[in-house]
Amino acid sequence: MNDALDVALRLLIVFVVFLTFPLIVGQTEHKVMAHMQGRLGPMYAGGFHGWAQLVADGVKFAQKEDIVPAGADRRIFQLAPAVALLPYLLVLLAIPIGPGEGAVGQVLDAGIFFVLAVMGVSVLGSLMAGWASANKFSLLGGLRTAAQLLAYELPMLLTAASVAMAAGTVSLPGILDAFHWWWLPWQLVGAIVFFVAGLAELQRPPFDMPVADSEIIFGAYTEYTGLRFALFLLAEYAGIVVLCGLTTVLFLGGWHGPWGADGLGWVWTLLKTALLAFVVIWLRVTYPRLREDQLQKLSWTLLVPLSLAQIALTGIVKVVFL
Amino acid sequence: MTLAAIASATATTAPATVAATHPHGFLSPTGAEIAFLLVGLVTFGAALVTVTTKQLVHAALWLVVALGGLAVEYLLLTAEFIAWVQVLIYVGSVVVLLLFGLMLTKAPIGRSPDADSGNRWAALAVAVAAAAALVWVVVDAFRATWMDLDGPAAGSTAVTGASLFQNWVLPFEALSVLLLAALVGAIVLSRKAKAESSSPPVNSRGATGSSPSVPDSRNHTFGRNGRSQGNDPTERNTPSQLKNPTELKNPTELKNPTKLKNPTEHNNPTEQKGAR
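Residue numbers (the numbering used here), protein chains in the order written: chain F, 1 to 322; chain C, 323 to 598.
What the hints contain is simulated information worked out from the structure, not anything from laboratory work.
From the three backbone atoms N, C-alpha and C, an ideal C-beta is built for every residue, glycine too.
Please note that a few of the clues may not be correct.
If you only want the chain F side, here are some residues facing chain C, beta carbon under 8 Å, derived [unchecked claim]:
| no. | residue |
| --- | --- |
| 1 | I76 |
| 2 | L150 |
| 3 | E153 |
Same shape as in the complex, but just chain F (with noise of 0.2 Å):
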């Protein structure tokens, strides 16, 4: 009976931390996003300053009709956003977010293949949605979802590889176990090549040619409305927190900190995981959009041979030296 209810109580909390965190980061995008343009962003919603925005649109969402096409595929139509939402919820399961095995939903012995695995999967649901729309722009959008996915799944797959060689586990709470702070300098070129990939996998700005609004009307969504939309949105932004919190957990050691790490490491896992939300942000307003070939050219000459000469260097430094 103890074990049932702390299986519930850790599953409540995963759930209560996808429903809330994903809506925090869509709110902090709405206003850093306006500072950084210069104007102010939501302010009427809620009162103080706009919070309540994004819950208003919610309500908004809800109440839209909810439209299929009369040529699309119907069940594949509405299974789509399903796909791409739920892999995000089970990935929170396996990130750790303080020492010990209170602090994760669900210690798996091959946490990060595990992740890794989930994440591609939500991709699915892009395809899926972008097929079964039976619009060109949608397809073509599903297309360069896919490219994309096969391009920058490689070098996201060897950086995570090169941080389980240096840890000698592929578990996510054991390689934070193992973690000390010089991995920082380390895993530098592992930790920026993973992040980027990450981006390029939830089609974040600047790598996302394939929803383009201005050039392909938002690809695979361009026939969503209503809810299904809202849950494509909401699928992005908790891509966002997943892979904010895996690079945490990898490359930036988590719940150790300088002080403290007992009793408020989680303090530390939400600080990083905050501070590289920011800068998801950040890159969404500063950097221009990469063309389609230039997508490719960067994920196969660049992030590749850049991810392949950590794992050398990974290689390297634990034989000689550890």
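Once you have looked at the hints, place chain C on chain F.
Frame of chain F, contents of chain C only:
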């Protein structure tokens, strides 16, 4: 019919794994065994639908269910590492590649009447024979072997890694050399195709609006149902190429640089994603 081959391979492995549960504990199955059997049935059913459905993309998506079911079976056998690798490689990459290929070439919505192969009875015979052989081999090899699922995980990453790199390192290395050869071969072939097709300018076909009857080796962009299909985004696309040439009646439309060829168009964050 590579799809049928893949699907029949999964179809053959599904009954093989199910059959392995029977020798022991047949009369008093535990919860894990019942779950194993049920998931096996689902996997088998999904594999059957994969090869029998007439909707091509649906077949690929049912393949996701079949491969995911296999991953669950691995999980139930405590082979966690293998299960996640199965999801990562097969669901995450192979099926995405398959869907990508389907969408590039031919992915109509609805039934394709020509999806049935005339060889389907021969294919069925081969599949049944392969399944019978596999089931027989597995049952014969593991006749009285019993896996203790309650003890320490027999398929954890450490155990898998140790056995892979201590006992099976030679096959592992041989396989990696094979994959390397395939990789080099693919690169050589694609470079050759590029060299051959680079002599006529890429744009000439689209710009003259000529008929799509002679697609070259790189551009299979024409769906049968009149849907425009995308181009291979890994190439250097000019935006004009992305449109279905049959629709481009007006050659000047192609050359309109303000609409189509504006690579310097910057990402304007205020426009993105419309009003929320």
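Hint by hint, here is what the structure shows:
1. I76: holds, 7 Å
2. L150: holds, 7 Å
3. E153: holds, 7 Å
Against the hints set out earlier in the document, no violation occurs for any number.
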